[in-house]
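A.B. asks: Listed below, chain by chain, are the residues.
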Amino acid sequence: MKHLLTTEGIDPAQATAILDTAASLKQALEGREVRKLPTLRGRTVITVFYENSTRTRVSFEIAGKWMSADVVNVSSSGSSVGKGESLRDTALTLAAAGADCVIVRHPASGAAHRLAGWLREAGTSVVNAGDGMHEHPTQALLDAATLRERLGELRGRRIAIVGDVLHSRVARSNVHLLTALGADVTLVAPPTLLPTGVASWPVTVSHELDAELPSLDAVMLLRVQAERMHGGFFPSAREYSIAYGLSERRLKLLPEHAVVLHPGPMLRGMEIASAVADSPRAAITDQVRNGVHVRMAVLYHLLAHEEETA
Amino acid sequence: MAPRQRGATDPAGERELLSAGDVARTVARMAHQIIEKTALDAPSAPAVVLMGIPSRGAPLARRLAVRIAEFSGVEVPTGTLDVTLYRDDLRRGPTRPLEATKLPEGGIDDKLVVLVDDVLFSGRTIRAALDALRDHGRPRAVQLAVLVDRGHRELPIRADYVGKNVPTARTEEVHVLLEEFDQRDGVVLR
Numbered sequence: 001m002k003h004l005l006t007t008e009g010i011d012p013a014q015a016t017a018i019l020d021t022a023a024s025l026k027q028a029l030e031g032r033e034v035r036k037l038p039t040l041r042g043r044t045v046i047t048v049f050y051e052n053s054t055r056t057r058v059s060f061e062i063a064g065k066w067m068s069a070d071v072v073n074v075s076s077s078g079s080s081v082g083k084g085e086s087l088r089d090t091a092l093t094l095a096a097a098g099a100d101c102v103i104v105r106h107p108a109s110g111a112a113h114r115l116a117g118w119l120r121e122a123g124t125s126v127v128n129a130g131d132g133m134h135e136h137p138t139q140a141l142l143d144a145a146t147l148r149e150r151l152g153e154l155r156g157r158r159i160a161i162v163g164d165v166l167h168s169r170v171a172r173s174n175v176h177l178l179t180a181l182g183a184d185v186t187l188v189a190p191p192t193l194l195p196t197g198v199a200s201w202p203v204t205v206s207h208e209l210d211a212e213l214p215s216l217d218a219v220m221l222l223r224v225q226a227e228r229m230h231g232g233f234f235p236s237a238r239e240y241s242i243a244y245g246l247s248e249r250r251l252k253l254l255p256e257h258a259v260v261l262h263p264g265p266m267l268r269g270m271e272i273a274s275a276v277a278d279s280p281r282a283a284i285t286d287q288v289r290n291g292v293h294v295r296m297a298v299l300y301h302l303l304a305h306e307e308e309t310a
Numbered sequence: 001m002a003p004r005q006r007g008a009t010d011p012a013g014e015r016e017l018l019s020a021g022d023v024a025r026t027v028a029r030m031a032h033q034i035i036e037k038t039a040l041d042a043p044s045a046p047a048v049v050l051m052g053i054p055s056r057g058a059p060l061a062r063r064l065a066v067r068i069a070e071f072s073g074v075e076v077p078t079g080t081l082d083v084t085l086y087r088d089d090l091r092r093g094p095t096r097p098l099e100a101t102k103l104p105e106g107g108i109d110d111k112l113v114v115l116v117d118d119v120l121f122s123g124r125t126i127r128a129a130l131d132a133l134r135d136h137g138r139p140r141a142v143q144l145a146v147l148v149d150r151g152h153r154e155l156p157i158r159a160d161y162v163g164k165n166v167p168t169a170r171t172e173e174v175h176v177l178l179e180e181f182d183q184r185d186g187v188v189l190r
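As they're listed, the protein sequences go chains A and B. With UniProt numbering applied, the first sequence covers 1 to 310. With UniProt numbering applied, the second sequence covers 1 to 190.
Accuracy of the hints is not assured; some may be wrong.
[As the list claims (entries may be wrong)] Restraint-style ranges between C-beta atoms, simulated for each label pair:
(1) A:L151 x B:I157: 20 to 30 angstroms
(2) A:A122 x B:A100: 22 to 32 angstroms
(3) A:S206 x B:P94: 55 to 65 angstroms
(4) A:A13 x B:E172: 27 to 37 angstroms
(5) A:D20 x B:D89: 19 to 29 angstroms
(6) A:G98 x B:A100: 52 to 62 angstroms
(7) A:M270 x B:D89: 46 to 56 angstroms
(8) B:D131 x A:M270: 46 to 56 angstroms
(9) B:P94 x A:R120: 18 to 28 angstroms
(10) A:A97 x B:A45: 35 to 45 angstroms
(11) B:G137 x A:S206: 12 to 22 angstroms
(12) B:P167 x A:H257: 57 to 67 angstroms
(13) A:P214 x B:A100: 35 to 45 angstroms
(14) A:P107 x B:E173: 29 to 39 angstroms
Rather than coming from a laboratory, the hints here were simulated on the basis of the structure. Here a beta-carbon is modelled for each residue, glycine too, at the ideal position from N, C-alpha and C.
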């Protein structure tokens, strides 16, 4: 594996290998005084974030540091990006400065792919840490890791992804990955928040959350991305909450074993009731914890070995 | 077909160095040596733990522990120590899958840790294991037990307990076969 840009068309064996590595890393680091492995000593990882993010950037930074890589963070404010340098020039500069891996978050869908193209000659790996409304593969992997931990094997499991699917890169990456791992995915959203062409996705679509809940193994809530909405996608936050928010009443409709996920940051009271977010059924902090191990696993698979060249 | 003779090369180019019986006897002998050298059955004995290096070191460590308990009456805790993340040759090949690391209850602090592996070759695995151990705690001492020492060391590392010394050419491969993985016990040269 040279880059991690998307989960679309991901080889299930490759995905499983990353998840297994993450689980081993988690187990290997548990209870240790020294949470640092020498595996990526001498490798340089640069995170370039053109959008604000604490969770993802910190998670990658910790992952890199726990593997002993040198991690450098670049944010768009306070760098040449703010002065108007193009993404391509920034990327080539970082590669020339010695980056073995560039982790990029960008508001434009497809930015990570372009970057990977520009960096082909430099041999630098690229990880997509969220590109516009397109994909966020490491989030999908950490969600799958969390689900595997709680549910075991994902094959045949019923998972609902609820909310703003249209604007959600998390939803897209999860649909590809979870179906590749054999889960049955249902998208639950108002028609206005479903992308066109959803009919060709390997999922079922529903507009009625209550009807789906009793047969689910997991509910994955999405953040309502107000910053991406230019127009009325739903009448009001209150109405959204009534139709698609995970309330305490709805939690009772779920089977006992079912898991509640949210990629964060969550809007308590709107997408998810506070009591639900804090209940033991919610795996939200587990997701964050697993995020570090999954990102360590991704860096391991990208950087620890020599690329097999044909 | 006539039973294969030890030392003879079969048509598959495989030469048997140790039979299943030899492996059992060797493990028993090594267990005796560990008991003797560590004096683990003496009243003032240090606490000994066996740490197997996956994959084949792990079942070997468990077998040694069973024999040690049989011969001395002392239950020696065993664990496994995956050294993949500590290797200095990771960049030389395809991605290696990780194996389990499991410290025995009570950890390894102030214990006499006996590392157990199947084959001692360049010594790089053991160097990685020493680094890994350091991140898990501070053993009182570390010893090394291997079923086969095939030579060609690249680092100043020596085993305390050796099942069998096997002079080999660098091009040859020594394979330790164990029931747990290979459906039979034995050591073969390919």
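A.B. asks: Can you give the numbers of the hints that this structure goes against, from lowest to highest?
C.D. replies: 1, 2, 3, 6, 10, 11, 14
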